[in-house]
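Novice: The listed protein sequences correspond, in order, to chains A and B. Everything in the first sequence is counted per the working numbering, starting at 1 for the first residue and increasing by one. Everything in the second sequence is counted per the working numbering, starting at 1 for the first residue and increasing by one.
Since the hints were made in silico from the structure, they are not lab data. One or more of the hints may lead you astray.
Claimed, not checked - Have a look at the derived ranges for each label pair, beta carbon to beta carbon: (1) A:238 - B:236: 50 to 58 angstroms; (2) B:36 - A:125: 24 to 32 angstroms; (3) A:238 - B:37: 42 to 50 angstroms; (4) B:32 - A:227: 49 to 57 angstroms.
Don't be surprised by glycine CBs; every beta carbon is placed ideally from N, CA and C.
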Amino acid sequence: MLSNLINRKIFTLLKVQYSNMLEYRVEIALWAISGIIPFFMLNIWTNNNLNESINVSDILLSRYFLCAFFVRQFSVVWVVFSFEEDSLMGKVSPYLIQPLNPFFRYFAQHLAEQITRFPFALIIAFFFFIFNPESIWIPNLGILLLSIVSTFLSFLIQFLIQSIVACLCFWTEKASSIERLLFIPTLFLSGLLAPVVSFPAYVKSWIYLTPFPYLIDFPANLLSGNETNISGGLIMQILWIFILIPLFKKIWSEGTKKYTAMGS
Amino acid sequence: MVKNIIDVKNLSKSFDISSKEPGLKGTIKHFFRRQTKSLKVIKDISFEIKEGEIVGFLGANGAGKTTILKMLCGLIYPSEGSILVSGYLPFRRKENFLKNITLIMGQKQQLIWDLPPIESFYLNASIYDLDKFEAKKRIKKLSEMLEIDEELFIPVRKLSLGQRMKSELLAALIHEPNILFLDEPTLGLDINAQRNLRKFLQKYNNETNATICLTSHYMKDITSLCKRVICVHEGAISYDGKLDLLLKKLSPVKEILIVCRTEEDAIKLENSGFTVKNKIKNEITIKIENNSITSSLKTILNNFDIEDLFINEPPIDEVIGKVLIKKDYVI
């Protein structure tokens, strides 16, 4: 039954959403470009020789931030904003009475957008290597596959966290403001602005208990070849997914009882 | 014996509504001390609908018609009472239940705006577990019935409202549901598009014996499709029964315009005991009770020199309007 769901429904959703995304290719290119924060951070780190304090070479650091850029490109999530709008405008109503949870639609929308983004991200990486030729490296196939899995798990964690927050729309109507609160730890603790290794030891031990370092720091370190606990990181990612799925299911089932189908 | 497909008992629904006074003072007060009150929008209603029936829900804006439909299809959770639709509790949204129903809201769309409708149709087909062959067959059949073969490949945003509504219908019916919930399906459509849509719904009902629950402010939708109507007033049912019976009850008399040969004949008729509404020269309008129309007309034709006569049905909007407007209308 699950395989049928994945094979037929999700695949068709993905195909349709990909066609839809291709209608917005210029916007997606701009979105891809707007995700270049890691390159700014790289600039700040290298110009101030901050990498010396964490014993990471310039090359490894530049690879880390390039990988952070890639991971971010394929794990960025905006479901809370889409769901909030659809929920408030009553657009979600027709989907609620179909035999497929509406969040699968958003899920496919995100995946389709990632596929559309891919060539633009490659072009940006190409320019990055032109300006930083010493950073060029080819990860081995095993690491590359694990990194893809880890990036997908990172996307799943973010998608689930945001979906849980999105379900708060059933109570607060403006769930996106709660997401703004979550954006702060996501920004600082995920590894987007600085590798988590740069935090003081006592803070790090706490950070690694949260889902945030597994969003960017772990997959980016894995892909860039930096020292990281691969099995530990993957286990933590899977663990968070197993914690978040039942939480989402519970909040979804309670929330839909509160749904008033406003605007329709 | 035809079985009940919808069974509603003592159904109520309340919503928490917050109110805010106008102006800055009201805004600040609303920010610090939000006042909410529970508003009962559906009040203890009960009814049954049989398989294959087409039932019209009538009521003024805010009467509760759409809320009833939303509860019947499982979109919103009832506060009290019970609903059984096709043997299921709608709100549980079991897969088999959802595959049996559809909801079409005139002002809402599920088609993907930037893609041709055919993409949405195939997507819906896969959501309802139809294989590609079956989906293709149904799309062909429904598009022929709806006369939208050419529009299937044009992006939704480029379609006219009528074409879009037909495409919405196709998307909502691709899984061939047994129960259709239609909330203002002809909203905004021109007269021809409305007529075509009604024809299609009648045909769909004839061919599939589907049950249809319909709300509409266009009386023509109701009169041409529904034999039975449920009138909703301030969340309660004020009438549940046959439409023609309702019309008879609400309008027990007919107006008959009689053109007499001479003015003298008109004066004679005026004084013959009929209830006269007005008289202008040789034209006289009288009111006759529905149950005595035949005998009264026979008397008039036998005793007076009549040039022409017209039987006027009171406008149905006007008649139904009486039920919708009056707060304590007893039928």
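Novice: Hint by hint, note whether the structure agrees.
Specialist: So, going through the hints one by one against the coordinates:
Taken as a hint, the range 50 to 58 angstroms holds for the pair residue 238 of chain A and residue 236 of chain B, whose Cβ atoms sit roughly 54 angstroms apart. A hinted range of 24 to 32 angstroms for the beta carbons of residue 36 of chain B and residue 125 of chain A is inconsistent with their spacing of about 53 angstroms. At roughly 47 angstroms, the beta carbons of residue 238 of chain A and residue 37 of chain B sit within the given window of 42 to 50 angstroms. A hinted range of 49 to 57 angstroms holds for the C-beta pair residue 32 of chain B and residue 227 of chain A, which are about 53 angstroms apart.
In the structure shown, a violation is registered for the earlier hint numbered 2 alone.
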